[in-house]
Amino acid sequence: MSARGHVGERGQVLVMAAAVMAFLFVPLCVFLVDTGLVEASYGQLGETLQASVEDGASQIDQQAFRQSGGRTAVLDESAARQVCERSLETSGLPGLEVVSIRTTATTVTATATVHVSLLVVGTASVTQTRSAGFVLGR
Amino acid sequence: MEWAISAFLLLLFAFSLLAVGHVVGEYMAVRAASSQAAFAAARAPSAQAAQTAGRRAAEEAVSGSQVSDFKVTISTGAFERGGTLTTQASGCVSLGDFPIVSQTLGQCVPLRWTAHALIEPYRSRSG
Chain A
1064 MSARGHVGER GQVLVMAAAV MAFLFVPLCV FLVDTGLVEA SYGQLGETLQ ASVEDGASQI
1124 DQQAFRQSGG RTAVLDESAA RQVCERSLET SGLPGLEVVS IRTTATTVTA TATVHVSLLV
1184 VGTASVTQTR SAGFVLGR
Chain B
1388 MEWAISAFLL LLFAFSLLAV GHVVGEYMAV RAASSQAAFA AARAPSAQAA QTAGRRAAEE
1448 AVSGSQVSDF KVTISTGAFE RGGTLTTQAS GCVSLGDFPI VSQTLGQCVP LRWTAHALIE
1508 PYRSRSG
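Residue numbers (the working numbering), protein chains in the order written: chain A, 1064 to 1201; chain B, 1388 to 1514.
Wrong hints could be hidden among the right ones.
Only part of the chain A face toward chain B is listed, based on derived beta-carbon distances under 8 angstroms [as the list claims (entries may be wrong)]:
1. 1086
2. 1101
3. 1102
4. 1106
5. 1114
6. 1121
7. 1134
8. 1137
9. 1146
10. 1189
11. 1192
If you're looking for bench data, these hints aren't it; they were derived computationally from the structure. Glycine included, C-beta positions come from ideal geometry on N, C-alpha and C.
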């Protein structure tokens, strides 16, 4: 191809480079950061929920326990729910929303969602459920 | 000439991408360190043990990462049952592996995260 043939092609590489940056690198960078944020929030939500249900599961019904001479241990469901909820609130995890806290005689189960603000797309929601039960004598 | 400019810019961007990935990875480690320190400290039997347990948990959380100047502060307050403790983990991620990027973003990107935890209401206390 002659030198004259290249004259009309000047600047094509710059356009291609700009297109690669706009359609490949920038979205990839955004994806990378967003994935990291979601992954970090997912891990932290799990840890926070686990700690909270364990806090809740430590609330035994003291009156029932004492009246039975230490033979019967049941969960104080109301206190367990309150402590679990307070523990979740205390964590201060950004975007945390408590979906439900369920209690039985021995276990506390909590479900929560964390809304993660993404760089461009908006928000992503991550939901997890964790349970804990109390164990006596250990 | 334009090939050279484009190649340089694309390469710079590609390295920036790697640098961002590196920073995000280390940021996750600092976040994990702070929250794990909080949960470990909240389960300790005394304020002194909380400091030890929290620091150990934080060090373990960042042991596999490349965070430098890592510091964790644990504020236990009076360490009352049912109270709140706060941990703050901070560190620095070096961009020394990315020479051109580090000239733009700085040699060291500071990272920080604060976590809170409820001090266990029904745990035996020593002292």
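Against the structure, the hints come out as follows:
1. With 8 angstroms as the threshold, the beta carbon of residue 1086 of chain A stays out of range of chain B, its nearest partner Cβ sitting at about 12 angstroms, so the hint is violated.
2. The beta carbon of residue 1101 of chain A is not positioned within 8 angstroms of any beta carbon in chain B (closest approach about 10 angstroms), and the interface hint is therefore violated.
3. The closest approach between the C-beta of residue 1102 of chain A and any C-beta of chain B is roughly 7 angstroms, which is under the 8 angstroms cut-off, so the hint is satisfied.
4. With a cut of 8 angstroms, the hint placing residue 1106 of chain A at the interface with chain B holds, because the nearest CB-to-CB distance is about 6 angstroms.
5. The beta carbon of residue 1114 of chain A is positioned within 8 angstroms of a beta carbon in chain B (closest approach about 5 angstroms), and the interface hint is therefore held.
6. At its closest, the beta carbon of residue 1121 of chain A sits 5 angstroms from a beta carbon of chain B; the interface hint therefore holds under the 8 angstroms criterion.
7. For residue 1134 of chain A, the suggested interface contact is broken, since its CB lies about 19 angstroms from the closest CB of chain B, more than 8 angstroms.
8. Evaluation of the residue 1137 of chain A hint against chain B yields a violated restraint, the C-beta minimum of about 14 angstroms exceeding 8 angstroms.
9. With 8 angstroms as the threshold, the beta carbon of residue 1146 of chain A comes within range of chain B, its nearest partner Cβ sitting at about 6 angstroms, so the hint holds.
10. Hint status for residue 1189 of chain A relative to chain B: violated, with the closest Cβ pair at about 14 angstroms, above 8 angstroms.
11. A distance limit of 8 angstroms between C-beta atoms decides the matter here; for residue 1192 of chain A the minimum to chain B is near 18 angstroms, and the interface restraint is violated.
The structure is inconsistent with the numbered hints 1, 2, 7, 8, 10 and 11, although it conforms to all the rest.
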